[in-house]
Amino acid sequence: MKKISRFPIPKTGKANEYRPISLCHDLYCFLNGIITTYSSAGIEKANILHVGITAFRKGKGCHSLVTVEQSFREDCLEGNYPTVQLDEDEEKFFDRVPVAILLAAMRVNGFPNQGYLEFKASAMGAKEVEIVTCKGVTYAKFICGLEQGNPDSPTVANLVIKFKHDVWDIVSEEIKKIFLRQKSLDNEKYAFNSIDKFDGRVIICKIGYCDDNSKFIRVENEEDLMLLVHHYLQMAGDLSMTTKIGRKGSKCVIQFFNISAHLTLQLAQCTSIAWSFKHDSPIKETVPFLVHLEPAELDKLKTMIHYDTLSFEEQTKWDDIIQSAPHRHLGLLGTLSGDTSALIT
Amino acid sequence: MRRTGLHGNDLVFDDTQFKSCSKFRDQKLLYDKLQKKTANTSHTTEYLIGDLEKRASGLIKQLWYAGPCQGVDGKENKLVHISDDNALEIAYIVNKFNIAIKEIMSDMSLISDLDVLDSAGQKRGRLRKGKGFRQFDNLPIPTKIRYLRTILLQNSRLIKRASQWIREFQFQQEHNLQTPQWSELIHILALLEDSKTIDKFSKLLYNMAIEEEEERIRHVQAIIHEKAHHANKSNDTSAKFNPQLEHQSNTLPGVPDDLEKEINDLLNGSNCQQFFGTRKHQLNFDTLLDCTSSWKDIISTIHSDEIDADVPNFIEDTLQKLDLASSKANHKLSQINSLQFMYRKSTHAYLLTVNKIGDFVSKVLFKDRSAPATHTEIWDASEQALRQCLNEREELIATQEFHGHWMDNSRATETCAFAKVLEVGKLGYRGIQLSPNRVVTLADVPSLIHNGNKLSLEIKEAFVRAHGIHIRNLFKPPHTDLRELFYPFYFHDKNGTMNEESRVEIFFGKRLRQYPPRPGMTGFSLQLLDVLDNVGKSFFLLSSNSFLLCDTSLKV
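Read top to bottom, the protein sequences are chains A and B.
Take the first sequence: its position 219, counting from 1, is numbered 219 in my numbering, and each next residue is one higher.
Take the second sequence: its position 524, counting from 1, is numbered 524 in my numbering, and each next residue is one higher.
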């Protein structure tokens, strides 16, 4: 029953990258299905997971993320406060999570040592995997990770990803001081409030779907913003090093909104660095960033860097970093309101 | 009495409501007219195919370069505008296809065999309940073409085989070798249309059979004489009744037992049924006997030398006939192939008119699905670098290493500083032990990272800093386990029954009944578990696979 057959399907346009779909035994899946119905119901009842975690949960999905994203972008347009969106992506999330972390996630979130956890631990023991290819079948041992095809794995994956959301909730005393400084933001003007609070209010400032998670930050000063970005990046890196779950550097993007031309120039000159665990050792990775500038700030920046006199290659480099506002996502809202008003009249 | 509406006014019908209906009616009339026109005209198949090619390619060009059309509100509604002319053109092409197929069938003298194909349609109709059987004329064009193609292909193959066999036969006649198999001869008998040739061949073959088994034939002769004249025994001493051989030839007198078997197998076999279906008269073994007058007459002419004298000339004649037949079949095959090609073109035009762009693209730019690929790069220990695999064996090793690496833990002795998996038993891991109070120092780095000693101080310090108090707190277990996350099932000690019988029934009874057994499934199906009682289920599950391991001391 613990035998699994895997089909490494190659990803298009990417060399040596596969999507390993695994076929499990019928009875194994059946029993796992029963157990997941109970365990996931228990997780929902106990209210363990954050509101922002939306993957494989009842009544939630990617559609619930769209409204959050849209309201966030709308707020960026309405108020001119500097804002940041940190996008994070785990590397081979399902296949690479160690068993110790899987079981630890269950235990930390209140699962007793017996029962589900014991079952999961016994099921996670070394399994035989036959890797099916066009040239024949080879055999390997499945020691860590979750099978892509087991009904139980999404619920456990949600518990693991909760570590990341918990890490973003950590507030040191320095960060506390930054939050206390933000006074003018403490009103209900915005549809989507993305300031971190620690007074017990429920605020969606982080969303995630399985291994793709993002964190929103908004403050009054640009200095405070940079401090917070540094803090959250560091936290994500620390978690990667302790749990040994790799971060995909190329997909982890920092998106800046409503910042000045001066700061963008500074960002372009320095390199942002984050830690992550890869190939049995921690490494430093440069994090790509993207700036959404307002038209006036864009013009200012172009005059500062003498954009017209630059060569074509340098111009394309700048174009990759900068995007001019208004943002494309907000076009929809404006047209909708216009249409409805026309209908009423 | 006049009927009035709700508000006392007369009901007035809006003609625009039925616009689509009237349009459809007009189009249908036009189609009927066209069908009549095309039915009356008669052309050769080559002319028809040429005409079709022109029309279909012209239509595609027209649609392809027309560009997107504009709708009523100035928005781009559809890629291609469906005009009446285009629709009529397609209808015309479809009619032409039908005519071309009929022409080809009449050339191959298959037109009278439509009843055979219709009987096949009847069978299909019976199988599909609720759907009446479809005649050959009412079948869609691609299926028609497919039928014809299979028939023609089989014919051409058989003709080839027949000509080959006859050449072998010729060679064996010259060199006095053994005769080939009987099954091949039956194919040739059925292939040749003339009844005379069938007669001749059958006689010839029968002669050869007799040469091989003279004794058996004499025995058969004796039986015939016995049965016909009732003890009017002939004086010929050679034809004596042999009781040992009687059981071998009960059904058909004069035919060897093995031959009869082979013939019957051939006639009942799937290959031959399709083949005989193409003939004008559906051939059975009885009809074959009728064709060759009767076996009795053949027996009477056993010793005649007429056939032996004509054999070489006769074989040459048959070879010529076969060559002609093969050339004819090949020509018709090429025609059918071109028709199929043209039909594909016209379907593309149709898809473009109906705005099914996805279907069109999938037909034009289709992709073959390939099997999961192997990993192609392997680690060369001598050169300390990756290199391309040289053969399949190396590729398999590379895939094993690559995917095995992803599924394996990190090579360090400890996977996580704060969590440790308890040792592995027979059934798997035994649990988890958390130690959030552990303080990680630089001395712990080699055990936590593979080759940790070789790392730079900066990385080491960063690693130690990462295991700070903030993240350490994340691994703290709760003071009390959550009530909602207790496992609901557990076994009583004494009885061996589960705690909540009703729940067990819900999940192991009702759900199992829902699972249908799969067609390709080996072993047992899940429905089998439903037959067992709860104790049996739990025993089975526990004994075989360690599932539902629960502590008896736990209580919900």
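Read the hints as simulated data drawn from the structure, not as lab findings.
A hint or two may mislead.
[Said to hold, decoys possible] Beyond 12 Å from chain B on every Cβ pair, some chain A residues (computed):
1) E44
2) N47
3) V66
4) G149
5) N221
6) C270
7) L290
8) A296
9) I321
[As the list claims (entries may be wrong)] Label pairs and their in silico Cβ distance ranges:
10) H306(A) - N437(B): 56 to 64 Å
11) T67(A) - N451(B): 24 to 32 Å
12) K363(B) - K11(A): 46 to 54 Å
All residues carry an ideal CB built from backbone N, CA and C; glycine is no exception.
Results of checking the hints against the structure:
no.: 1; hint: E44; in the structure: violated (9 Å)
no.: 2; hint: N47; in the structure: violated (9 Å)
no.: 3; hint: V66; in the structure: holds (25 Å)
no.: 4; hint: G149; in the structure: holds (14 Å)
no.: 5; hint: N221; in the structure: holds (24 Å)
no.: 6; hint: C270; in the structure: holds (18 Å)
no.: 7; hint: L290; in the structure: holds (26 Å)
no.: 8; hint: A296; in the structure: holds (34 Å)
no.: 9; hint: I321; in the structure: holds (27 Å)
no.: 10; hint: H306(A) - N437(B): 56 to 64 Å; in the structure: holds (58 Å)
no.: 11; hint: T67(A) - N451(B): 24 to 32 Å; in the structure: violated (48 Å)
no.: 12; hint: K363(B) - K11(A): 46 to 54 Å; in the structure: violated (26 Å)
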